[in-house]
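Participant: Sequence:
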Amino acid sequence: MDLKKLIPQGESETLEFKESLRLKDEIGVTVSAFSNSKGGIILVGISDNAEIKGVQIGKKTLTDLAEYIKKNTDSQIFPEIETVKIKKKDIVKIKVKPSLEKPVFFKGRAYKRVSNTNQKISSSEIRRLAKESGAKLYWDEQICEEANLEDIDWKFAKEFFLPLYEEISKKKIIGETKTVLESLGCIKTDKPTNAGILLFGKYPQNFFINSYIALARYKEKEISAERLDYKEFDGSLFKQIDECDRYIKEHMSIMSRLHPYQVQREDIPEYGLFSIRELITNAVCHRDYENQHTKVIIKIFEDRIEFFNPGGLPENITPKNITEKQFSRNPVIAKALAKVKYIEELGEGWDKIAKEHKEHPLKPRFPKIKSDRYAVMVTLFSTKDKFETRRIGIELNERQKYALEKIKSQGFIRSIEIQKKFGITRDTANRDLSYLIKLNLIKREGRGKKVRYLQK
Numbered sequence: 001m002d003l004k005k006l007i008p009q010g011e012s013e014t015l016e017f018k019e020s021l022r023l024k025d026e027i028g029v030t031v032s033a034f035s036n037s038k039g040g041i042i043l044v045g046i047s048d049n050a051e052i053k054g055v056q057i058g059k060k061t062l063t064d065l066a067e068y069i070k071k072n073t074d075s076q077i078f079p080e081i082e083t084v085k086i087k088k089k090d091i092v093k094i095k096v097k098p099s100l101e102k103p104v105f106f107k108g109r110a111y112k113r114v115s116n117t118n119q120k121i122s123s124s125e126i127r128r129l130a131k132e133s134g135a136k137l138y139w140d141e142q143i144c145e146e147a148n149l150e151d152i153d154w155k156f157a158k159e160f161f162l163p164l165y166e167e168i169s170k171k172k173i174i175g176e177t178k179t180v181l182e183s184l185g186c187i188k189t190d191k192p193t194n195a196g197i198l199l200f201g202k203y204p205q206n207f208f209i210n211s212y213i214a215l216a217r218y219k220e221k222e223i224s225a226e227r228l229d230y231k232e233f234d235g236s237l238f239k240q241i242d243e244c245d246r247y248i249k250e251h252m253s254i255m256s257r258l259h260p261y262q263v264q265r266e267d268i269p270e271y272g273l274f275s276i277r278e279l280i281t282n283a284v285c286h287r288d289y290e291n292q293h294t295k296v297i298i299k300i301f302e303d304r305i306e307f308f309n310p311g312g313l314p315e316n317i318t319p320k321n322i323t324e325k326q327f328s329r330n331p332v333i334a335k336a337l338a339k340v341k342y343i344e345e346l347g348e349g350w351d352k353i354a355k356e357h358k359e360h361p362l363k364p365r366f367p368k369i370k371s372d373r374y375a376v377m378v379t380l381f382s383t384k385d386k387f388e389t390r391r392i393g394i395e396l397n398e399r400q401k402y403a404l405e406k407i408k409s410q411g412f413i414r415s416i417e418i419q420k421k422f423g424i425t426r427d428t429a430n431r432d433l434s435y436l437i438k439l440n441l442i443k444r445e446g447r448g449k450k451v452r453y454l455q456k
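Residue 1 is where the sequence shown starts when you use my numbering, and the numbers rise one by one after that.
Just so you know, these hints were derived from the structure itself, not from any lab. The model shown is predicted, which means the values in this text are computed figures rather than measured ones. Some clues are possibly wrong.
Stated by the list, open to error - Keeping only pairs whose Cα atoms sit at most 25 Å apart, straight-line, the calculated DSS-like set for lysine-lysine is:
1. Lys320 x Lys352
2. Lys60 x Lys38
3. Lys421 x Lys438
4. Lys188 x Lys335
To be verified - Restraint ranges, calculated between C-beta atoms of paired labels, are given here:
5. Lys438 x Glu348: 37 to 43 Å
6. Ser123 x Gln9: 30 to 36 Å
7. Asn316 x Ile174: 35 to 41 Å
Glycine is no exception: its CB is placed at the ideal position from the N, C-alpha and C atoms.
Take the sequences, apply the hints, and build the full model.
Facilitator: Shown next, in the form of structure tokens:
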């Protein structure tokens with residue numbers, strides 16, 4: 001290629017001029033554009049009007065430029081860089097080939113070459129390029145363009161995430177917090193990724209307005225005018241998971257069951273505790289965050305909980321085989337959550353949900369999974385309808401049942417009340433109450449005539 005003849009023709013689809021090596025970012029943008037298009041040559045030391053000015057070349061000039069381009073491109077680009085003489089002046093020639101793995105980003109943005117200009121590539125074009133090149137490009141690993149490192153909650157990352165990471169991995173983390181987040185894919189080229197903002201952002205909803213959980217609690221089995229409560233859980237994904245999990249468990253029913261010859265009660269929740277947390281985490285981890293027109297929605301009814309998240313199942317996964325196969329729409333988010341045991345690795349979450357349902361004393365229905373190309377809904381079924389029939393593992397007589405009901409309604413009972421109600425002696429009433437104490441259902445308080453019995 002005769003550069004002397006080519007230069008006077010000016011910049012084109014495959015030729016770009018840069019006057020100075022100080023314009024490293026402009027050079028990087030052109031590297032991205034050429035990589036995503038037909039390739040091309042960048043000549044540094046030539047002005048926009050094709051005037052040959054030359055540049056000063058030091059010992060590390062070319063090495064530093066190559067390292068800068070490699071560090072700030074994704075996937076990394078290694079262009080051919082050399083010095084050429086034109087009219088006795090040093091010119092840096094950068095030859096860029098079309099990349100086999102498109103799109104190529106420079107500092108979190110992808111560009112294409114149109115005529116003699118570099119233009120930013122749209123999201124739809126990015127997906128098309130990734131599909132055509134066979135590259136797997138996930139939304140959560142892309143740079144969050146509007147954000148910077150000041151939007152990261154460094155205190156949370158350092159004081160909550162890293163200690164928990166060390167505790168679970170049983171390894172001492174050496175290095176700065178930023179380095180750890182970079183290794184997880186939450187920071188790239190000194191910019192937070194989308195995953196980085198969702199996981200560690202001070203307030204992710206500033207960038208992704210519907211990245212929160214909406215929860216509605218209803219009194220009956222269907223949506224009705226009477227809604228008991230409505231909550232929105234926002235902030236980082238860790239905060240959403242913890243607060244939503246806590247709220248659901250605080251508003252679910254617990255059955256206390258007694259077994260023959262055992263003093264301690266067995267507390268049985270109407271839903272599996274692991275299942276609740278895992279389904280909350282799955283919803284925020286695997287939702288389609290590119291769709292910001294909707295959100296994760298949880299509805300609590302008298303007999304079930306529905307977990308809805310935007311984004312359908314992939315073609316090879318169905319509600320029938322979801323317990324056998326695994327997928328991750330947001331692998332960076334899933335990786336970070338798995339490091340601190342917020343989500344199960346290796347697709348074991350559904351195995352543990354199945355195991356919990358099988359071992360639950362009241363044998364709940366297995367969760368129902370519905371999916372289409374747009375969304376997934378998982379329904380957990382309550383066992384509350386079985387509470388009354390299995391509340392007590394041993395028989396109580398009528399006097400003992402009366403004592404428990406009286407304690408429940410008025411807060412305490414005295415032996416004399418049972419004696420008068422059933423026309424029995426004090427010794428018989430006291431034996432009934434002593435038996436309830438033995439079962440750890442009630443306790444005795446006071447002395448002599450002031451003795452009374454309260455709920456344990």
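Participant: Each hint should be assessed against the structure and marked as holding or not.
Facilitator: Hint check results:
| no. | hint | verdict |
| --- | --- | --- |
| 1 | Lys320 x Lys352 | 16 Å, holds |
| 2 | Lys60 x Lys38 | 29 Å, violated |
| 3 | Lys421 x Lys438 | 23 Å, holds |
| 4 | Lys188 x Lys335 | 16 Å, holds |
| 5 | Lys438 x Glu348: 37 to 43 Å | 42 Å, holds |
| 6 | Ser123 x Gln9: 30 to 36 Å | 34 Å, holds |
| 7 | Asn316 x Ile174: 35 to 41 Å | 40 Å, holds |
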